[in-house]
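> Residue-level listing of the chains:
Protein chains: 2
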Amino acid sequence: MNNGILGTKVITQIGLLVHDIEKVSQAYAEFFGMEKPAWFWTDTVDKAQTEFRGASSEARAKLAFFDMGSLQLELIEPDRHASTWREHLDAHGEGVHHIAFVVEGMKEKISLMEGKGLKLVQKGEYTGGRYAYLDTFEPLKVMLELLENDK
Amino acid sequence: MNNGILGTKVITQIGLLVHDIEKVSQAYAEFFGMEKPAWFWTDTVDKAQTEFRGASSEARAKLAFFDMGSLQLELIEPDRHASTWREHLDAHGEGVHHIAFVVEGMKEKISLMEGKGLKLVQKGEYTGGRYAYLDTFEPLKVMLELLENDK
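Sequence lines, in order, name chains W and C. Residue numbering for the first sequence follows the numbering used here, starting at 214 and increasing by one per position. Residue numbering for the second sequence follows the numbering used here, starting at 214 and increasing by one per position.
One or more hints might be untrue.
Which copy is meant is left open, so a pair is good if it fits within one copy or across any two.
Straight line, CA to CA, 25 Å or less: simulated PhoX-like cross-link-like pairs of lysine-lysine [what the hints assert, rightly or not]:
1. K236 to K329
2. K249 to K364
3. K320 to K236
4. K260 to K354
5. K329 to K260
6. K354 to K364
7. K260 to K222
8. K336 to K249
9. K336 to K322
10. K249 to K260
11. K364 to K222
12. K236 to K364
13. K320 to K249
14. K236 to K260
15. K329 to K275
16. K236 to K249
17. K329 to K364
18. K336 to K236
19. K222 to K275
20. K322 to K249
21. K249 to K329
No lab work stands behind these hints: they were computed from the structure. As the structure is a prediction and not an experimental result, all values here were calculated from the model.
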């Protein structure tokens, strides 16, 4: 055995698409007895450098995070611009969008995955790191997100 | 704040429905550098006492588990009998079916949830414990599974 393509198998996040982040955040907070976190917008394209299917996109999303044990549950309410979030929400409705893994060497990981025919769907920057979604649905039955945080 | 309805917010499992558990197990094993676990059938109805929407069901599924950090990823290939697994797979295709939580006092937890209008969808026994799926899709955008293990 080896460490696999990602060098990790620790799921750090489950991402869910929702239509109304306020309402779903409230439901989670009540059901699990947690404080309702404040949601925030992802950065604008000048800062996030968002690319969806190879093209720059102004897409943004409202995000809210809940600590659920050793991983985070992420709620995502996308805007109307083109993104994997909007595409998935329109095609499949609300529900799970991805599971995420923290990696080192984002570029190399993406190259390794592309070498296996797994397509980069979307990528972008956030304060302190960057993310990439890859279409792993055919082999793994769920989309993966890679997260790389600056040291 | 309180501890919420379940008394826990630790996600212990993510369950995915698949058409071919052998194939998807192999893909996970290769991608993440893990050993391919042996899948196994859930118990027959005499032992599992499976109930789906209030009626006894002979439904069974092949299950395989992968340790992915502090939680397990569960692959589920259902048979043709009536179950939440078969229903969800037929309606939505392959992908995430539920997230699971280990609880104490299964009956009480189910009652509390039913009191909030959340319906019990399926329940059953396994060696060393029992499970219940509840339809939490409307508020939480994903189905929950409760697991209770004998002490």
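> Would you mind marking each hint as holding or not holding in the structure?
Right, here's what the structure says about each hint:
| no. | hint | verdict |
| --- | --- | --- |
| 1 | K236 to K329 | between (39 Å within a copy, 16 Å between copies) |
| 2 | K249 to K364 | neither (29 Å within a copy, 33 Å between copies) |
| 3 | K320 to K236 | neither (37 Å within a copy, 28 Å between copies) |
| 4 | K260 to K354 | neither (31 Å within a copy, 30 Å between copies) |
| 5 | K329 to K260 | neither (30 Å within a copy, 43 Å between copies) |
| 6 | K354 to K364 | neither (31 Å within a copy, 34 Å between copies) |
| 7 | K260 to K222 | neither (30 Å within a copy, 34 Å between copies) |
| 8 | K336 to K249 | neither (28 Å within a copy, 31 Å between copies) |
| 9 | K336 to K322 | within (13 Å within a copy, 41 Å between copies) |
| 10 | K249 to K260 | neither (27 Å within a copy, 42 Å between copies) |
| 11 | K364 to K222 | within (20 Å within a copy, 29 Å between copies) |
| 12 | K236 to K364 | neither (35 Å within a copy, 37 Å between copies) |
| 13 | K320 to K249 | neither (35 Å within a copy, 28 Å between copies) |
| 14 | K236 to K260 | neither (28 Å within a copy, 41 Å between copies) |
| 15 | K329 to K275 | neither (32 Å within a copy, 28 Å between copies) |
| 16 | K236 to K249 | within (10 Å within a copy, 40 Å between copies) |
| 17 | K329 to K364 | neither (28 Å within a copy, 45 Å between copies) |
| 18 | K336 to K236 | neither (27 Å within a copy, 29 Å between copies) |
| 19 | K222 to K275 | between (27 Å within a copy, 23 Å between copies) |
| 20 | K322 to K249 | between (34 Å within a copy, 22 Å between copies) |
| 21 | K249 to K329 | between (40 Å within a copy, 19 Å between copies) |
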